[in-house]
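Asks: We have chain B; now place chains U and S onto it with these hints.
Chains as they are written, first to last, in the numbering used here: chain B, 279 to 554; chain U, 377 to 613; chain S, 179 to 438.
No wet-lab data here; the hints were simulated from the structure.
C-beta atoms are modelled at their ideal positions from N, C-alpha and C, and glycine is treated no differently.
Mixed in with the good hints, there may be bad ones.
[Claimed, not checked] Straight-line alpha carbon distances no greater than 27 Å define the calculated DSS-like cross-link-like pairs of lysine-lysine that follow:
#1 S:377 / S:307
#2 S:204 / S:244
#3 B:335 / S:286
#4 S:242 / S:286
#5 S:313 / B:335
#6 S:204 / S:286
#7 B:335 / S:298
#8 S:377 / S:303
#9 S:298 / S:280
#10 B:553 / U:424
#11 S:307 / B:335
#12 S:244 / S:225
#13 S:298 / S:383
#14 S:225 / S:422
#15 S:280 / S:204
[Stated by the list, open to error] A few chain B residues that don't get close to chain U, going by computed Cβ distances all over 12 Å:
#16 322
#17 337
#18 338
#19 341
#20 346
#21 356
#22 363
#23 373
#24 394
#25 402
#26 421
#27 447
#28 457
#29 459
#30 533
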Amino acid sequence: MSASMQTADSVERPPLPPHGWSRQRILGYGLVVLWAFMGIGLVAYLISAWNTELFQKYAPGYVSGIGITLSLVGISIVVGAILSVPIAYGRMSRNPVIAGLAYAYVYFFRGTPLLAQAFLVYYGFGSFRPELDAVGLWWFFREAFNCAIFAFSLNTAAYQAEILRGAIQSVPKGQWEGAASLGLHKLQTLRKIILPQALIVALRPYGNEVILMIKGSAIVAIITVYDLMGITRLTYSRTFDFQSYLWAAIIYLLIVETLRHAIDWIERRITRHLKR
Amino acid sequence: MQSVWTLLSWGSEGWLDDIAYGALVTVCLALATLPVGLLIGFLIALAKQSSERSLRLAGDIYTTIFRGLPELLTLFLVFFGAQIGIQQAVRLFNPEATVEVNSFVSGMIALGVVFSSYASEVFLSAFRAIPQGQYEGGFAVGLSKAQTMRLVVLPQLIRIALPGLANLWLILLKDTSLVSAIGLTDILRQAGVAARVTKHAFLFFGVAALIYLALAIVSSIGISAIERWVGKQEAHR
Amino acid sequence: MRIAMRIALAASAALLALGTAQAQEKVLKIGTEGAYPPFNNLTADGKLEGFDVDIAQALCDEMKVKCEFIAQDWDGIIPALQAGKFDAIIASMSITPERMEKVDFTNKYYNTPPAIAAPKDSDIKGVTKEDLAGKTIGVQASTTHFNYSTATYTDSTVKPYPTAQEYQLDLANGRLDAVNDDIVVLSQWLDSPDGACCKLIGAIKPVVEIHGPGAGIAIRKGETALRDQFNAAIDAIRANGKYKEINDKYFKFDVYGGDS
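The shape of chain B in the complex, shown without the other chains:
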């Protein structure tokens, strides 16, 4: 800043809103043009690299990959949601042993990478085959897909438990007391009064968790589950064509954006009564 500008600024008035071509506007337009340029470049590259034979050969693989990604995430989220209830209960328990165990569970699954957990289940449990056979569980862990479901469910249960706990605790204590004074017992209070309010709070974190799982599920490719990412790597390693990654990027972005907008829409619907 030059000295003359300093004196101009020292007059006590906030700066005027910018008009015309301010520096910010030039920068902003420049960046938007850069993005547009990259977008056009991407489309142009995909068109120029279009290869019908390649597409026919690999497109079915991508479709099945999307199916595997979605079913993996879907099943894990549901199983995780069921598991998260006792864990969230444990986290809120006044019994120090139960609370400690629940805390350790959550800390372990949130403190270590999902990839390490997946390896631990797939290759780690694989080395306990005789023991697993003896208890009749080997058929389950034999399949890589099941191992992925197992690891992902335990992982997302930890995150969902924290979401659930946060949401229930966000409901003011007075609501419990009010319900108690009306003679509702604890379970009724939870179901009729607390949960409806908690779910509004929890919706967005739940949505984010689903999105994180979709993105996180890409790692199953490394334990031989051929989901969208796995198919992409396989395609790339056979064709060495970079567009295989670009298509995967576009598909993932579409899935995630669709979900995000769906969550926004649901949130707007269920909070209609809160709008003034």
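Replies: Below, chains U and S without anything else, positioned relative to chain B:
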């Protein structure tokens, strides 16, 4: 079969030294990514809370892309794509030059852009938590725009953003495990090599998980120390 | 802002300078996998060893260049070569038409047939499509064995793994019914304590269109000078006994195979 303790010993027989080296790589990568991610994230947040629509749009496109892509995919895009792209750009000027974007740098870039897109959201909500009056107050006492930002807004911003950023740091620490897929010898890759060679998969992946857990615990202690310190700074005012 | 820009520019200039400086030292960088014993694998102290590595070192000595080895995952090894992370791949890579669209190859430096292995109590009798119908077969992804298995064993489930050692783990613990890989790699593993679970079912007659004439050294397209150097060096170590010395260190038979 060798005993567990030989496998976990230090030296050429055991794998502990290799895994310790992996832990060093993991920590270095996370520490190197942090300032990059924070800086870019702050700039994106500035753009997103600007009054200029085009800047907001550019910032939104950035976060939409990098929060929507799986981290692993971003990593591959950078590792394979950026290398070829930069190589071709440099060859235009100097056909002999080779530019090495190694897996460490690729990891830094990929994790940095992912970190920054989440960090920008943390900074943005921190910006929104600072009342407009703080800016006006800054102007009123004759501070320039940059001075207001540096002396009035930033100290408050950091305090508000700290818990969110701490959380992102823990996520970053875990996300570094993905670089094992592009050949960087981090904790998980070293554990994987050890598991494959010795066939003691549960042991080595278990050790890897415990190291990540230890790193998370150390980070939590560090973070709460920083939070206490920042809190004390605040109390002094 | 302007200072930040200048720092960024200086930093990027330094990075570029580093890149060009490295190129001028004339170290030949060799990429290999490090997970394919006995051809190439990593030891507990992080060093690369194996037949490929020894051959590569002998070739470098013959060519009088300094060589540096870089371990790279198999499914990214050709892109990494193209991207310039190293100058040649010496990693038991079969010379195939599919790969020759992307890279150039030297002449072969060994050629061994593929084979099938299965658990000791397996009921698999042979290596034909019918013998393996309904079974789950493990292979390493993006190898000739993967291509052969998917093309031949259409009634079986073919499961691609990132490295050979991972399908070995899964064959040993019973996730797989059979695996398909190079006969030398399988035999070496079956002879080790880890491979005690399993046995060799039989060799597969190589199909030239899929398996190619053997393993060669891959280099970037158009670098004919380097290719000629490598070819001359291969001939030289075959002639002066160095090849035989390395061959005998690892194998009881000649892995070079017939002239083709």
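Asks: Would you mind marking each hint as holding or not holding in the structure?
Replies: Right, here's what the structure says about each hint:
1. S:377 / S:307: holds, 19 Å
2. S:204 / S:244: holds, 8 Å
3. B:335 / S:286: violated, 30 Å
4. S:242 / S:286: holds, 21 Å
5. S:313 / B:335: holds, 24 Å
6. S:204 / S:286: Judged against 27 Å, a Cα distance of about 25 Å means the pair holds.
7. B:335 / S:298: violated, 37 Å
8. S:377 / S:303: Within the cut-off at roughly 12 Å; holds.
9. S:298 / S:280: violated, 40 Å
10. B:553 / U:424: At roughly 26 Å apart (the allowed maximum being 27 Å), residue 424 of chain U and residue 553 of chain B satisfy the hint.
11. S:307 / B:335: holds, 23 Å
12. S:244 / S:225: holds, 17 Å
13. S:298 / S:383: It holds: about 22 Å lies between the C-alpha atoms, which stays within 27 Å.
14. S:225 / S:422: holds, 23 Å
15. S:280 / S:204: Status holds; Cα separation ~24 Å.
16. 322: holds, 15 Å
17. 337: holds, 18 Å
18. 338: holds, 20 Å
19. 341: holds, 18 Å
20. 346: At about 14 Å from chain U, residue 346 of chain B clears the 12 Å cut-off, so the statement holds.
21. 356: Its Cβ never comes within 12 Å of chain U, the nearest being 21 Å, so this holds.
22. 363: holds, 24 Å
23. 373: Per Cβ check, residue 373 of chain B is outside 12 Å of chain U; nearest 24 Å; holds.
24. 394: violated, 5 Å
25. 402: violated, 4 Å
26. 421: Nearest chain U Cβ is 17 Å from residue 421 of chain B, so the label holds.
27. 447: Answer for residue 447 of chain B: holds, closest chain U Cβ roughly 17 Å.
28. 457: holds, 32 Å
29. 459: Residue 459 of chain B clear of chain U: closest Cβ-Cβ about 36 Å, beyond 12 Å.
30. 533: violated, 8 Å
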